[in-house]
Amino acid sequence: MSKNQILEEILAEVDKHPEIMSRRDAFKYLTMSPLAASMLASATVGTTAVSASNVTGKVVIVGGGLAGMSTAARLRNSASDLDITVIEPNPLSTSYQPGQTLVGGGIWPKSELVYNRDDFVPDNVTLIKGSVTSFDPDNNKVIVDGKQEFTYDQMIVATGLMLNFQAIKGLTGVITSCNPDNAEAKKTVGNDGVHSIYFQDGSEATWTGIEELIAKAKKWKEGEPKLQAVFTHPNTPIKCGGAPKKIMYLTHAQLEKAGVRDAVELTFYPNGGKMFGVPEYHEAIVNQFKARGFKWNYKHNLVEVDKATKTATFNHHWTEKGEWDEDLEEYGVELKSKKVEVKYDFIHVTPPMKAPDVVASSKVGSSKGWIPVKKETLQHVKYKNVFSLGDVVAVPMGKTGGSARKQYKVIVNNVISALENDQKAIDSTNTKYAGYTVCPLVTGIGTVMLAEFNWTKKPTPMVPLDPTQERWIWWLLKVYLLKPMTQYGMLSGRA
Amino acid sequence: MIKKLSTITLAAVAMLTLSACSGEKAAETKTYSKTTAEVYQQSCIKCHGANGAGKAEKKTPRLEDRTSAELEQDLFDVKNGGTNQSSGTDHEIMEHNMQKLIDKGYDYDVKSMAEYMYGTFKK
Chain A
1 MSKNQILEEI LAEVDKHPEI MSRRDAFKYL TMSPLAASML ASATVGTTAV SASNVTGKVV
61 IVGGGLAGMS TAARLRNSAS DLDITVIEPN PLSTSYQPGQ TLVGGGIWPK SELVYNRDDF
121 VPDNVTLIKG SVTSFDPDNN KVIVDGKQEF TYDQMIVATG LMLNFQAIKG LTGVITSCNP
181 DNAEAKKTVG NDGVHSIYFQ DGSEATWTGI EELIAKAKKW KEGEPKLQAV FTHPNTPIKC
241 GGAPKKIMYL THAQLEKAGV RDAVELTFYP NGGKMFGVPE YHEAIVNQFK ARGFKWNYKH
301 NLVEVDKATK TATFNHHWTE KGEWDEDLEE YGVELKSKKV EVKYDFIHVT PPMKAPDVVA
361 SSKVGSSKGW IPVKKETLQH VKYKNVFSLG DVVAVPMGKT GGSARKQYKV IVNNVISALE
421 NDQKAIDSTN TKYAGYTVCP LVTGIGTVML AEFNWTKKPT PMVPLDPTQE RWIWWLLKVY
481 LLKPMTQYGM LSGRA
Chain B
1 MIKKLSTITL AAVAMLTLSA CSGEKAAETK TYSKTTAEVY QQSCIKCHGA NGAGKAEKKT
61 PRLEDRTSAE LEQDLFDVKN GGTNQSSGTD HEIMEHNMQK LIDKGYDYDV KSMAEYMYGT
121 FKK
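Residue numbers (the numbering used here), protein chains in the order written: chain A, 1 to 495; chain B, 1 to 123.
Since the hints were made in silico from the structure, they are not lab data.
Just so we're clear, the structure is a prediction, and the values are computed from it rather than from any experiment.
All residues carry an ideal CB built from backbone N, CA and C; glycine is no exception.
This list has only true hints and no planted wrong ones.
Chain B stretches covered by chain A per the calculated footprint, using a threshold of three residues with CB under 8 Å from any CB of chain A:
1. 69 to 82
2. 86 to 100
Pairwise CB distance ranges (calculated):
3. B/Lys104 / A/Thr56: 53 to 59 Å
4. B/Gly49 / A/Thr319: 23 to 29 Å
5. B/Lys104 / A/Thr309: 48 to 54 Å
6. A/Asp119 / B/Lys34: 55 to 61 Å
7. B/Glu38 / A/Thr456: 22 to 28 Å
8. B/Glu64 / A/Lys226: 49 to 55 Å
9. A/Pro279 / B/Ala37: 26 to 32 Å
10. B/Lys122 / A/Glu211: 57 to 63 Å
11. B/Lys30 / A/Ser367: 29 to 35 Å
12. A/Lys129 / B/Ala37: 48 to 54 Å
Can you build the whole structure from these sequences, using the hints too?
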């Protein structure tokens, strides 16, 4: 896709919502701003030159979501003689997941998200429509659907993760974000005020839920107890760490737009004790919460939802001063906890997440499930010809498309080097993942804070602007630019 | 068209490079008062043992079968109190202890500590 085509597509998107931004303003931003120019450029031509390799060998990629399919495309572009196979059971695996927040918040229709896997399979890449049912890394092979065997020289694991709703008492289903096979979760999530944008159908239902909340709020009278909107964040690593807050910001914005914000109290219940790992962003978010009249209670982990009485139960935990510790030469701490019940009219559940069981229980998994790799090279800690990226990999960095976008280039370079050099010296000579990730935190309709950071937990903005500010330009990036950049740039292996 | 796009890319890259030079300081290098070995041998060893086997009465987890990459991630989590925005950490006790130990001068680079522990435990 050329720059002009992408620009046209963005402006067509902008036109759908003249109340948020006019075409004229958007055009001005996009053409005048060097920031937008650089992003457009990176969506249309690769910023790093891919050098062609004539290496041969068999590469099996387990999982064909954004991470796996983009890796396949870039490998294809980089080494035309490689034998590449992608194993992916979900027909909608390449759907645009970052847009689920916007669907849940009533900005986009669900149709904006749905992309067919089969339209994104790169030329001369074999797609196997099935699921890996066992890993045998000692013999360099995987089994698909219990019967078909695939051997490999190099394996890349990009299975993504599972949304474990059933770990919460009263909720059901262990599903993925965009696999339409989600009936089990929909029995309890996506209705009666219990919602989650973490799966595609759930995001559409969330907007219905917010509309129902608005309708209830319109009947509310001064003096009555306020309606309660509750937003949770679990005790596991999660994909898109910002989404639990983004849907809260958008609910707030829609309530305001409907003129009923006063009828509803919005409260955030995270398992952790802060808003963000980077102090600068933590502080910025706390200020944004205060400015919007949000409440928040740290160290509350959702454990049960009783739909009959509309009650959410949290495990509230904290530490207290413990006994004198001779080794530490200080008082230690003791863990304390109690159950806290909270009534809700609307609850947004961010489910606990885990690696797929087939990965966790295999030799490539780990005690926590996630695939352990050397965090710079993304090479497996035990199997030199196994690499991993995306949501299933264990790196101390957010599970986002922005992380995958940095990781897949590292993997492609390292897999090719491994094949060319017979596995030698990946550590010392090759491309390293610097830990960059990005969280475009939607803070309202029309504003985004672009939180970028790396291993050092310091803000690492790509442009010299105060990164803690909410800006229109990042709304443009999040809502209009990132989708074409992902669908046409990354999934074709270029950006 | 290709040529035009390349020019845009070059301009963008130039702009980013320039801003990096003018706005950012060079990468920070942190210095520590003790070597990684000193920190382990003087402090960590009291609870985690010479071989990472831990101390049953303190419920210290066993560390000796973890690879250095896994240890690195655990240490990263402990020092930062979790690695997700608001997920928290399952190392709450060690998170507290670590901050006390840092105050006492037992600070270290996560990567070199992980490599030291892995190398020492294997012996």
